[in-house]
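Engineer: Sequence:
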Amino acid sequence: MVVMGGDKEQSIPGNALVADPTKQFSDLSRFGNKFLKKLHCGIVNTPLLDSITFVDTPGILSGEKQRAQRDYNFNDTLNWFAERSDMIVLTFDANKLDISDELKEAIDVLKAHDSKLRIVLNKADTINGRALLRVHGALMWALGKTIVSPEVPRVYIGSFWDQPYSIINDVNQAMFNEEEN
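Residue numbers (full-length UniProt numbering): 1 to 181.
Think of the hints as simulated: they come from the structure by calculation, not from any bench. Heads up, some of the hints might be wrong.
Cross-link-like lysine-lysine pairs, in silico, DSBU-like; alpha carbons within 30 Å at most [said to hold, decoys possible]:
id : residue 1 : residue 2
1  : Lys111    : Lys23
2  : Lys116    : Lys96
3  : Lys104    : Lys145
4  : Lys38     : Lys116
5  : Lys23     : Lys37
Ranges of calculated distance between the beta carbons of each label pair, as one might list FRET restraints [what the hints assert, rightly or not]:
id : residue 1 : residue 2 : range
6  : Trp141    : Ala19     : 15 to 23 Å
7  : Asn33     : Asn95     : 33 to 41 Å
8  : Asp27     : Arg130    : 42 to 50 Å
9  : Asn73     : Arg130    : 37 to 45 Å
10 : Tyr72     : Ala131    : 31 to 39 Å
11 : Ser29     : Glu9      : 42 to 50 Å
Note that this is a predicted model, so its numbers are computed, not measured. The C-beta atom is built at its ideal place from N, Cα and C for all residues, glycine as well.
Build the full structure now, drawing on both the sequences and the hints.
Structural biologist: Written out as structure tokens, the structure is:
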């Protein structure tokens with residue numbers, strides 16, 4: 001899903017998006033119709049999107065079945081977008097921490113763009129301090145096996161979803177306030 005700014009709010013299917021000479025997505029046609037059927041663009045009239053475009057990829061699921069049903073080379077399309085991005089935000093859910101084989105492959109693709117990569121542990125307000133420490137440690141351990149680097153990646157902790165902010169205790173509150181700054 002591509003979300004970009006424009007005067008008139010509309011939804012554009014992938015095949016129309018790549019055919020539009022005023023957009024920068026024509027090269028995506030090389031990934032074929034199966035990919036283009038899944039690609040959509042939302043045009044939204046908001047000043048925020050005057051200078052930024054968001055691209056949201058589908059969640060990466062565990063199991064070969066999900067990968068086989070994708071019908072296009074996800075890693076090639078991921079690399080195409082990563083090459084053209086200024087920032088890549090890799091988001092993990094604090095309640096469902098799972099680094100599948102497909103996600104490891106995707107992270108491998110993103111390694112070439114590590115200076116653009118930001119890692120976010122999302123929904124961290126939904127677990128207590130001890131559990132958050134365990135989840136953060138498990139994420140760092142898993143990333144350490146996947147991202148082979150002499151430097152430890154920074155993991156930003158926060159809560160970015162459509163639910164009210166939930167603070168379980170004062171320690172979490174102080175930590176979230178510090179992360180915001």
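Engineer: None of the hints should be skipped; say for each whether it holds.
Structural biologist: Against the structure, the hints come out as follows:
1. Lys111 / Lys23: Holds, at about 27 Å.
2. Lys116 / Lys96: This hinted pair holds, its Cα atoms lying about 24 Å apart.
3. Lys104 / Lys145: holds, 9 Å
4. Lys38 / Lys116: holds, 25 Å
5. Lys23 / Lys37: With a Cα-Cα distance of about 17 Å, the restraint between Lys23 and Lys37 holds, given a limit of 30 Å.
6. Trp141 / Ala19: 15 to 23 Å: Violated - the Cβ-Cβ distance for Trp141 and Ala19, about 45 Å, lies outside 15 to 23 Å.
7. Asn33 / Asn95: 33 to 41 Å: holds, 36 Å
8. Asp27 / Arg130: 42 to 50 Å: Between Asp27 and Arg130, where Cβ atoms are some 48 Å apart, the hint holds.
9. Asn73 / Arg130: 37 to 45 Å: holds, 41 Å
10. Tyr72 / Ala131: 31 to 39 Å: The hinted range 31 to 39 Å holds for Tyr72 and Ala131, with Cβ atoms some 37 Å apart.
11. Ser29 / Glu9: 42 to 50 Å: violated, 25 Å
Hints 6 and 11 from the earlier list are contradicted by this structure; the remaining hints agree with it.
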